[in-house]
Amino acid sequence: MPESNALVSLLTIFILATFVGYYVVWKVTPALHTPLMSVTNAISGIIIVGGLIAAGSSEAGSVTALGGLAIFLTSINVFGGFVITARMLKMYRRRETGGEKP
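Using the working numbering, read the sequence shown as starting at -15 and increasing by one per residue.
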């Protein structure tokens, strides 16, 4: 029974964090999107560490499964964030004048 209470509590926190994150990201001005991506990559790295701790816990069941799911989803977020950040930074590079375009 205590495991189901913990699961409900963790899912509630997850849902609230999803809503807060959504509204925070959409309220940011476009000039701050690149730094925001860097910060979210760092936060996702911390979440991966927490997922590793949860997945490696001695408790079997939903805690281990949610830890594995956290590792998987945040890994996608980190790698996708690096790709998008690189594309955004590429937009600020100067193009060479004359000659062929790269």
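Hints are computed from structural coordinates only; laboratory data are not their basis. Cβ coordinates follow ideal geometry from the N, Cα and C atoms, glycine included. Among the hints, a few may not be true.
[Said to hold, decoys possible] Computed spacing ranges between beta-carbons, pair by pair:
hint, residue 1, residue 2, range
1, -11, 67, 17 to 25 Å
2, -11, 14, 40 to 48 Å
3, 77, -9, 41 to 49 Å
4, 74, 43, 43 to 51 Å
5, 68, -5, 26 to 34 Å
6, 14, 52, 30 to 38 Å
7, 29, 3, 43 to 51 Å
We went through each hint and held it up to the structure:
no.	hint	result
1	-11 x 67: 17 to 25 Å	39 Å, violated
2	-11 x 14: 40 to 48 Å	42 Å, holds
3	77 x -9: 41 to 49 Å	47 Å, holds
4	74 x 43: 43 to 51 Å	45 Å, holds
5	68 x -5: 26 to 34 Å	28 Å, holds
6	14 x 52: 30 to 38 Å	35 Å, holds
7	29 x 3: 43 to 51 Å	22 Å, violated
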